[in-house]
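Enquirer: Protein chains in written order, with the numbering used here: chain A, 651 to 873; chain B, 651 to 873.
Just to be clear, a hint being listed does not mean it is correct.
Said to hold, decoys possible - Derived Cβ-Cβ restraints for the label pairs, each shown as a range:
#, chain 1, residue 1, chain 2, residue 2, range
1, A, Lys-760, B, Glu-656, 58 to 64 angstroms
2, B, Ala-804, A, Thr-822, 33 to 39 angstroms
3, A, Phe-655, B, Gln-778, 41 to 47 angstroms
4, B, Glu-711, A, Lys-789, 24 to 30 angstroms
5, A, Glu-690, B, Ala-804, 32 to 38 angstroms
6, B, Asp-811, A, Phe-655, 34 to 40 angstroms
7, A, His-823, B, Glu-814, 32 to 38 angstroms
8, B, Tyr-752, A, Ile-685, 54 to 60 angstroms
9, B, Asp-811, A, His-696, 22 to 28 angstroms
10, B, Gly-671, A, Pro-824, 40 to 46 angstroms
11, A, Gln-821, B, Ala-804, 43 to 49 angstroms
12, A, Asn-688, B, Glu-814, 25 to 31 angstroms
13, B, Asp-802, A, Glu-825, 48 to 54 angstroms
14, A, Ser-759, B, Asp-806, 51 to 57 angstroms
What the hints assert, rightly or not - With a straight-line Cα cutoff of 25 angstroms, these simulated DMTMM-like cross-link-like pairs (lysine to aspartate or glutamate) come out:
#, chain 1, residue 1, chain 2, residue 2
15, B, Lys-654, B, Asp-745
16, A, Lys-815, B, Glu-814
17, B, Lys-815, A, Asp-664
18, B, Lys-735, A, Glu-755
If you're looking for bench data, these hints aren't it; they were derived computationally from the structure. For clarity, every value in this text was computed on a predicted model and none was experimentally measured. Yeah, the Cβ is synthetic: ideal placement off N, Cα and C, and Gly gets one too.
Protein chains: 2
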Amino acid sequence: MIRKFETELEDLKDKILKMGGFVEAAIEASTQALIQRNPEGFKNVHAYEREINRAHVEIDECCLKLLALQAPLAADLRLVLAIVKINSDLERMGDQSVNISYSGEHYLSKVPVKTEVNLPQIATQVRQMVTEALDAFVKGDVHAAKQVLEKDDAIDQHKADVFEKMKAEMQTHPELIGSCLDMILITRNLERLADHATNIAEDVIFVYTGRDVRHGFGGDSGT
Amino acid sequence: MIRKFETELEDLKDKILKMGGFVEAAIEASTQALIQRNPEGFKNVHAYEREINRAHVEIDECCLKLLALQAPLAADLRLVLAIVKINSDLERMGDQSVNISYSGEHYLSKVPVKTEVNLPQIATQVRQMVTEALDAFVKGDVHAAKQVLEKDDAIDQHKADVFEKMKAEMQTHPELIGSCLDMILITRNLERLADHATNIAEDVIFVYTGRDVRHGFGGDSGT
C-alpha cells in the first residue's frame with residue numbers, strides 16, 4: 651500500500667512537471683513571438699494552453715482520488731494540497747500567456763513604442779522564476795524556493811518603471827497611446843506570471859518546512 | 651466521530667463565510683470611497699485585508715487538520731478541497747480591493763475623467779456576483795452558482811468598454827492620461843474580482859454535482 655501511494659504521488663509530481671513544461675513553453679512562445687516580432691509564433695500559445703487546461707482538470711481528479719483512497723498524512727498531505735494549489739497557479743499562468751499573445755498581436759500590428767523597454771530582460775527573469783519555482787518543487791529545495799521569493803521585487807519594479815515610461819510617452823506621442831497601453835498590459839501580465847511563480851515557491855516552503863510564510867505570519871500547520 | 655466531523659466542517663464553512671464577509675466589506679469600502687470621492691474610506695480596506703490574510707492562513711490550517719484527522723470521502727472531500735481553493739480566491743480578492751484603493755486614492759487626487767463611466771453600476775454588479783457566489787456556496791445551490799457564471803460576460807464587456815472609452819479620451823485630453831490609466835486599472839481590478847467570484851461558483855458546482863465545468867471538459871471526479 652505504501653509503495654502504491656509513493657508511486658501515485660511520483661506520478662502526480664510528474665504530471666505537474668509536465669504541465670509546468672507546457673506553461674514554460676507558453677510563456678516562451680508568447681514572449682519570443684513578441685520580441686522577435688513574429689505574430690505566427692502566438693498560435694503555439696493556444697495549443698499549449700489547451701494542454702494546460704486538460705492537465706488542470708486531470709490533476710485535480712488525481713489529487714481527489716489520492717486523498718480519497720490513500721488518506722495521506724503530514725508532509726504527504728501537505729504535498730497533495732500544494733499540488734492542488736500549484737495546479738491552479740499553473741492554469742492561470744496559461745491564461746496570462748494567452749493574454750500576452752492577444753496584447754502582443756495587437757502591439758505588433760501597430761507602430762512600436764519609442765521609449766526603450768527591455769522586454770527580453772524582463773521576460774527572461776520571469777521565465778527563470780517559473781523554472782526555478784518548478785525545480786524547487788520537484789527537488790523539495792526550500793533554499794531555492796526562498797531565492798525565487800527574493801526575485802519578485804525586481805519584477806514589480808520593472809512593471810512600475812514601464813508604467814511610468816509609457817505614461818510619459820503617451821503625453822509626448824499621443825499617436826502611440828494604443829501601443830503604450832499594450833506595453834503596459836504586457837508587463838502587467840509578466841508581473842502576474844512572476845506572482846504565480848512566487849505562490850508556487852511559497853507552497854514548496856510550506857510542504858517541506860510546515861511553515862506558512864505567506865502574509866508574514868509564519869504559522870505552523872500543526873499536522 | 652461523524653458528528654465531530656460534521657461540526658468541524660460547519661465550523662470551516664462558517665470561517666469561509668466570515669472571511670467572505672470581510673472580502674465583501676473590502677470591495678464595498680474601496681468602491682464606495684472612490685464613488686463618493688472620500689479618500690478617508692480607503693483606510694478601512696487595509697484593516698479588512700489584514701483580517702482576510704489572517705483568515706487565509708487559519709482556514710488552510712483547518713483544512714489540513716480536517717483532512718489529516720477525518721479523511722473525508724466523496725462530496726465531503728470535494729467540499730474541503732473546494733474550501734482550500736475558495737480560500738485562495740478570497741485572499742486574492744482582498745489584494746484586488748487593496749489595488750482598487752491604491753488606484754482610487756491616486757485617481758481622487760487628480761482631475762477626474764470626462765467620459766461618463768458607470769462605476770456604481772459595475773461595482774454593484776461585481777459585489778452582487780461575489781455575494782451570490784458565497785450564498786450559493788453556503789446553501790449548496792448549484793442553480794444559483796450557474797447564474798453567477800452567466801454574469802461574468804457582462805463584466806468583461808464593461809471592462810472592454812471602459813478601456814476603449816479611456817483610450818479615446820487620452821487621445822483628445824492628453825492632460826488626463828494619468829486619470830484615464832487609473833480608471834482602466836480600476837475596472838480591470840473589478841473584472842478580476844468577478845473572475846474570482848466565477849471561480850468560487852465553479853467550485854460550488856463541482857462540490858455538489860461532482861462535475862468539473864471548467865474549460866468545457868465536463869469531467870467527473872470519479873470519487
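Enquirer: Run the structure past the numbered hints and jot down the numbers of the failing ones, going up.
Expert: 6, 7, 8, 11, 13, 14, 15, 17 and 18
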